[in-house]
Amino acid sequence: MTTKHEMELIDSAARAQQVMEEELAGEKMVINMGPQHPSTHGVLRVVLELDGEEIVNAWPDVGYLHRGDEKIAENMTYTQFIPYTDRLDYLAPLANNVTYAYAVEKLLGMDVPPRCKYIRVICAELARISSHLLGLGSFGMDVGAMTVFLYTFREREKIYDMAECISGARFTTSYTRIGGLAHDMPPEFVPMLRKFLKEFPATIDEVDKLLTRNRIFCERARGIGMLTKADAIDLGVTGPCLRGSGVDWDIRKAHPYSSYEDFEFEVPLGSVGDSYDRYLVRMEEMRQSVRILQQAIDNLPDGPVNSPDAKILLPDKEAVLTKMEELIHHFINVTEGINAPPGEVYFSAENPKGELGFYIVSKGGGTPHRLKIRSPSFVNLQALPIMAKGHMMSDMVTILASLDFVMGECDR
Amino acid sequence: MTMQVERPKLTIWERTYLPQILHGLWLTLKHIPQRKFTRQYPEEKPPLHGAYRGAPTLVKDPEGRVKCVSCQLCEFVCPPKAIRITPRARPEDVPDANVEKEPEDFVIDMLRCIYCGYCEEVCPEEAIFLKQDFAIAGYTREELRFHKEKLLELGGVQPDSIWKWKFKGAPPLDAPGAPKREGAGRKG
Chain A
5 MTTKHEMELI
15 DSAARAQQVM
25 EEELAGEKMV
35 INMGPQHPST
45 HGVLRVVLEL
55 DGEEIVNAWP
65 DVGYLHRGDE
75 KIAENMTYTQ
85 FIPYTDRLDY
95 LAPLANNVTY
105 AYAVEKLLGM
115 DVPPRCKYIR
125 VICAELARIS
135 SHLLGLGSFG
145 MDVGAMTVFL
155 YTFREREKIY
165 DMAECISGAR
175 FTTSYTRIGG
185 LAHDMPPEFV
195 PMLRKFLKEF
205 PATIDEVDKL
215 LTRNRIFCER
225 ARGIGMLTKA
235 DAIDLGVTGP
245 CLRGSGVDWD
255 IRKAHPYSSY
265 EDFEFEVPLG
275 SVGDSYDRYL
285 VRMEEMRQSV
295 RILQQAIDNL
305 PDGPVNSPDA
315 KILLPDKEAV
325 LTKMEELIHH
335 FINVTEGINA
345 PPGEVYFSAE
355 NPKGELGFYI
365 VSKGGGTPHR
375 LKIRSPSFVN
385 LQALPIMAKG
395 HMMSDMVTIL
405 ASLDFVMGEC
415 DR
Chain B
11 MTMQVERPKL
21 TIWERTYLPQ
31 ILHGLWLTLK
41 HIPQRKFTRQ
51 YPEEKPPLHG
61 AYRGAPTLVK
71 DPEGRVKCVS
81 CQLCEFVCPP
91 KAIRITPRAR
101 PEDVPDANVE
111 KEPEDFVIDM
121 LRCIYCGYCE
131 EVCPEEAIFL
141 KQDFAIAGYT
151 REELRFHKEK
161 LLELGGVQPD
171 SIWKWKFKGA
181 PPLDAPGAPK
191 REGAGRKG
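Protein sequence lines correspond, in order, to chains A and B. Just so we're aligned: the first sequence equals residues 5 to 416 in my numbering. Just so we're aligned: the second sequence equals residues 11 to 198 in my numbering.
In case anyone wonders, no lab produced these hints; they're calculated from the structure. The beta-carbon is built from N, C-alpha and C at its ideal position, and this holds for glycine as well.
Label pairs and their in silico Cβ distance ranges:
#1 107(B) x 158(A): 53 to 61 Å
#2 58(A) x 31(B): 29 to 37 Å
#3 232(A) x 91(B): 46 to 54 Å
Covered stretches of chain A (chain B as the covering partner; in silico rule of three or more C-beta atoms under 8 Å from a C-beta of chain B):
#4 179-190
#5 257-271
#6 275-283
Residues of chain A placed beyond 12 Å of chain B at every Cβ, according to the derived structure:
#7 312
#8 368
#9 395
Using the sequences and the accompanying hints, generate a full structural model.
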């Protein structure tokens, strides 16, 4: 049984403009939400058609943060694009670095050492926790629970300290390289992570106690922004939003990458598909991330982090300073980039917001011919009109918060 | 391996909202005596970790030579194109004038720089280093285009890890008074 929807997804910006200009019959009213509304988490503009306080239609209008990342990628080497991936989903830069590195490595048909894979898992899971902490904190704040935001931001600060320790920067990490990492994790990182893993579950419990059984929160979130299983699949929704609707799809389980097959963790699923379910799924995902991090830190393999191929990674600095062959490799590698074979690859990974994919078309040589970024926030926003229809204007805030999108990634 | 998240059913007691208020107050009380997590920023600087990437600077070797040889690799790799180098030959009267080139000017636009550290990573002479300065401020745009003199002043002296001029009568690395090497051991 398939259900039919009347969806106006094609060029919603133009449709919004048309609605703004048309004379509306009767009681209906059109208002703009954003691009500077605090609950739109960035610069999303939603044009709402209201009947009193009830939403009749909603058209998301994206593109205010468009920077042309895909075009920029065509004009630089694969390695040079890594800092730009920090700026896609700027709440989880480490996870973006990891996904991009795997995408290019898939194009090159190469593998990385096990230690590198484990460190990348640690990076991705830390990014997931940090992104969910912000998502939940701002969810709470948007519906009126300010305290949660402060507690989650305290924990986020610890994660950013760790990101600074491992990569040298809090947000703009640029930690991965094609075929490895910028450098191995420093020795002080492991105790830091262990300390965090010991303290963090207490904060999850605090947030849990403040929100999960809170009557006001329940009434603002339960039954709001329903997304049925079938709709979620039809619209290509991914990540916690999809799992909140009860679809068992996690790329870490379905197509394990980065040695995720070695880890034991559960995929939390919602039952109803409302904002409350998405909140619960995010809470549980953080707990599972803690489990993964614990396993990764306990079983961290020894050995090199970089693949030894000097045609892909820069050679050791000491050798560059003293040896001719390495110096030549170094110059060729920097100026011409990695000589990728012609071909097309798609690699996607389970990022905090959903499936982040890179589709790379290579015609050989050091720069991609085309690099398409499949960003989860952009695709997830498609579900907004369906989720918003029939709810009150004030529920829009809840729905936007539970979608947990980032405009940096949506508009890229 | 999946799990269904549990949707709790609120009891009548919970529906009065009283337990939530009490719990919220208790939680806040519990946090009051705890150590403060915030920092009085300008007075109290945050501790920076070893690999922290701050402002890029140029360094000299202990002999006072500018280490940069104008290969322009950093200019090439810089993703936001913040570096501009004007190369020139070394003046005739300098010893070893014909060995290397040197920069006539070396400009880093701090307003464009994204502190990615690629310049340090690709430098084949260990001439450019990212210092731990993170609060860079100025009144004009021109002020924040750091030229060669300013960058050298910020960078200071860095001993040569391989001592490439050793056959030219340079003092040994462990000579008394030789400055300690900063940032040593960072992977390039």
